[in-house]
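Taking the hints as your guide, dock the two standalone chains into a single complex.
Chains U and R, in that order, are what the protein sequence lines are. Per my numbering, the very first residue in the first sequence carries number 35; after that it's consecutive. Per my numbering, the very first residue in the second sequence carries number 5; after that it's consecutive.
Just so you know, the hints here were simulated from the structure itself, not pulled from any lab data. Some hints could be false.
[To be verified] Far from chain U, by Cβ distances over 10 angstroms, these chain R residues were calculated: (1) Val40; (2) Pro50; (3) Pro53; (4) Ala126; (5) Leu127; (6) Tyr132.
[As the list claims (entries may be wrong)] As a list, the in silico DMTMM-like pairs of lysine to aspartate or glutamate whose alpha-carbon atoms are at most 20 angstroms apart: (7) R:Lys11 - U:Asp128; (8) U:Lys196 - U:Asp141; (9) U:Lys190 - U:Asp141; (10) U:Lys196 - U:Glu178; (11) U:Lys90 - R:Glu131; (12) R:Lys136 - R:Glu99; (13) R:Lys57 - R:Glu224; (14) U:Lys90 - R:Glu99; (15) R:Lys11 - U:Asp144; (16) R:Lys57 - R:Glu131; (17) U:Lys190 - U:Glu178; (18) U:Lys122 - R:Asp89; (19) U:Lys99 - R:Glu99; (20) U:Lys190 - U:Asp61; (21) U:Lys90 - R:Asp193; (22) U:Lys196 - U:Asp51; (23) U:Lys196 - U:Asp214; (24) U:Lys196 - U:Asp186; (25) U:Lys99 - U:Asp61; (26) U:Lys122 - U:Asp144; (27) U:Lys90 - U:Asp61.
It should be emphasised that the depicted structure is a prediction, and the values quoted were computed from it without experimental measurement. From the three backbone atoms N, C-alpha and C, an ideal C-beta is built for every residue, glycine too.
Listed below are the residues making up each chain.
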Amino acid sequence: MQACSILADNIACRRGDRVLFRGLSLDMRSGQALHISGANGIGKSSLMRILAGLLKPASGTVSHKGAIGLLDENPAIDPQARLADGLKFWAQIDNCGNPAGPELALDIGDLLDVPFRYLSTGQRKRAAFARLLNQNAAIWLLDEPLNGLDTDAQAKIGALIKLHCGGGGICIAASHQPIDLPEAQMIALEDFAV
Amino acid sequence: MMWRLLKRDLSILMPGGSRSGGRGGAILPLLFFLAVAMLYPFAVGPDAPLLAKTGGGVIWVAALLAAILPLDRLIAPDLELGIFDQLALRGISEESVVAIRMLAHWLSFAPLLLIAAVPASALLGLEYDTTKLVMLGLLAGTPGLAAIGVMIAALTAGLRGGAALSGLLLIPLAVPILIFGAGSLALGDPSGIALCGAISLLLVAITPFAGGAALRSVREN
Chain U
35 MQACSILADN
45 IACRRGDRVL
55 FRGLSLDMRS
65 GQALHISGAN
75 GIGKSSLMRI
85 LAGLLKPASG
95 TVSHKGAIGL
105 LDENPAIDPQ
115 ARLADGLKFW
125 AQIDNCGNPA
135 GPELALDIGD
145 LLDVPFRYLS
155 TGQRKRAAFA
165 RLLNQNAAIW
175 LLDEPLNGLD
185 TDAQAKIGAL
195 IKLHCGGGGI
205 CIAASHQPID
215 LPEAQMIALE
225 DFAV
Chain R
5 MMWRLLKRDL
15 SILMPGGSRS
25 GGRGGAILPL
35 LFFLAVAMLY
45 PFAVGPDAPL
55 LAKTGGGVIW
65 VAALLAAILP
75 LDRLIAPDLE
85 LGIFDQLALR
95 GISEESVVAI
105 RMLAHWLSFA
115 PLLLIAAVPA
125 SALLGLEYDT
135 TKLVMLGLLA
145 GTPGLAAIGV
155 MIAALTAGLR
165 GGAALSGLLL
175 IPLAVPILIF
185 GAGSLALGDP
195 SGIALCGAIS
205 LLLVAITPFA
215 GGAALRSVRE
225 N
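The shape of chain R in the complex, shown without the other chains (with noise of 0.2 angstroms):
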């Protein structure tokens, strides 16, 4: 039954699933991210080593703001079609339904990030050693942004205009992450990874229960 839902989560919120077409595209926050790495040099002009020392934090900034596009679609269309309803008359928990999409949006946006952030290390001209932190980083804290984007995509489910304040609610709760995550490059050394990744376990720990309380609150008022 977990494998059903998953399966459908992941048909709506990946890149290319068959659910996926009218809800925007979910291919774009990928090319947002890469946009982003693109334009950045641009804007500060050909300065290369300026670049290769800013580039690591421009990479999460972005991988940031791209974790933020797919908010709107993450909770609010299900609970207007009435899936969560028929979930809870099954008595299944909104609990596992919080945690399975958590699953599924990180599944759905933080591989094709990881991978993309090769071509846009490349584009900012950064070193190996500084690459490879960028990624552990992500590794550690993309798991805490998907749990962030899901408890606010619930929180904000019931409410109009919901869209545009979730993107406003994140950005504080995930400064913790930003700060260990990409503060690791400024030291060199992965230390703060470490605090990053243990920031996200307890977001991912928290989310279901947050997120449950969220969706049975929107249904019982």
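Same shape as in the complex, but just chain U (with noise of 0.2 angstroms):
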């Protein structure tokens, strides 16, 4: 994987009327990770969004090198579609030359004929998650990644997460639970927060 990097400088994150957080500068090198923590409601999801370049920050400038992989909570998977076309609509249009992997890795094997809205919550992370992998981006924004997931799972995630750093990518992930991330920088967005 070529060398990535994500820049944030000086962001602030209004929502409607209310300054979220301000003042929040990130500069990420490839192999490196970051937890992001916060209680809920301080600006997680907006601020994986504006690093993300959907949300534009009230202040601020953000850019990267690399492409950008979002895990958040919606899979972006057709409820309707079998869970292997929702998947193969993604890989192809990330051109994924070996989509089979991911599904194996993260047991969801089985569910392949099983139209997506069957699924449970865990069973769509995995899927979600399946997703990002084959999109094959060098920077992760994982959204609450561990949520609705099952320890085996989160062990799984957390392995995964090792090996993507371990290659040369980015993972930045925000949730309110603990990863087990050992090499991971910690971002607390209270200290940031208006």
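In structure tokens:
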């Protein structure tokens, strides 16, 4: 994986009339991981969307080098379609050469024929993770990646993040839960709250 | 990549598409169109000359209403699913997403509508020449209707109660198409259809940009 980076300079986030946080800067390079913690409603998801370039910061700038993969509460897989078809659509958009691997790694190989809407919360999360793996993006932005997952799956996700960062990728995870990332930097969003 | 998007859009919007199931029957607009054509003679009575005179206009109004029916399935569900977010991350512009959605929407209702216009014309007892004008007019006008539909669906996608609002918004915008498309029936010559086609083309050209801007503003706010 080629060198990637994501830079945020002095960003502030406003939702409606409220400023959620301001003065946040970060500089992430290849192989680094970051855990953003904070209570509900403090702006973790908004920060992830700002970093992904989907939301404009109220002030400050964001720049990145390398493709961004976002995992948030929307799996972005058609509820009516079979899981296999839903994943295949994104694998084709992403020109993924070997789309079969991630499904097996996440234990959803048996569910491929099941329409997505019948899957449980945890199974949907695994499916969304398979979509992310197929994307082969250098920068992972994970918004509450462990929500709804059992301990076994949580351990698998932790291992996948380690593998990703070990291979030169960046992982930024926002979660109110602790994530097992020994090397990770920490940002508590409370420190930037207004 | 564009082909993949079109294929997915068609599987959502086409009758019998693999992803169309829970999003409301995609065949409904067509049945609705035929039902209107069937009910109209019951409402005005069995006066054959009157039916033949007004039948073309009824087909146009039925086509307009049929084009409104799938509006709430066009954009809003994908917005909720986060599909547009993921496409934006991959650097696929909103404009091309909307343009493809517009093409898929047209393909999903217009060809079937044109076919259904034949039995509808027969039900209303239209002359061959009138039927020909109706068909030509619908061919020229339906791309415009599809464009307005996608534009309105994108504009109202982020709103609560957008479905009812979008039907209301579509009707005034469709007036020019109706005036020139259905107006050619009163004149009995196809000159109005050229203008109808011109308006359609204009709408088709504007919609990707208007709809794309609408999607971006929903996302960034």
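Verification of the supplied hints:
no. : hint                : in the structure
1   : Val40               : holds (28 angstroms)
2   : Pro50               : holds (44 angstroms)
3   : Pro53               : holds (48 angstroms)
4   : Ala126              : holds (36 angstroms)
5   : Leu127              : holds (34 angstroms)
6   : Tyr132              : holds (42 angstroms)
7   : R:Lys11 - U:Asp128  : holds (15 angstroms)
8   : U:Lys196 - U:Asp141 : holds (19 angstroms)
9   : U:Lys190 - U:Asp141 : holds (10 angstroms)
10  : U:Lys196 - U:Glu178 : holds (17 angstroms)
11  : U:Lys90 - R:Glu131  : violated (58 angstroms)
12  : R:Lys136 - R:Glu99  : violated (35 angstroms)
13  : R:Lys57 - R:Glu224  : violated (51 angstroms)
14  : U:Lys90 - R:Glu99   : holds (19 angstroms)
15  : R:Lys11 - U:Asp144  : violated (26 angstroms)
16  : R:Lys57 - R:Glu131  : holds (9 angstroms)
17  : U:Lys190 - U:Glu178 : holds (15 angstroms)
18  : U:Lys122 - R:Asp89  : holds (18 angstroms)
19  : U:Lys99 - R:Glu99   : violated (24 angstroms)
20  : U:Lys190 - U:Asp61  : violated (27 angstroms)
21  : U:Lys90 - R:Asp193  : violated (53 angstroms)
22  : U:Lys196 - U:Asp51  : violated (39 angstroms)
23  : U:Lys196 - U:Asp214 : holds (10 angstroms)
24  : U:Lys196 - U:Asp186 : holds (16 angstroms)
25  : U:Lys99 - U:Asp61   : holds (12 angstroms)
26  : U:Lys122 - U:Asp144 : holds (15 angstroms)
27  : U:Lys90 - U:Asp61   : holds (18 angstroms)
Against the hints set out earlier in the document, violations occur for numbers 11, 12, 13, 15, 19, 20, 21, 22.
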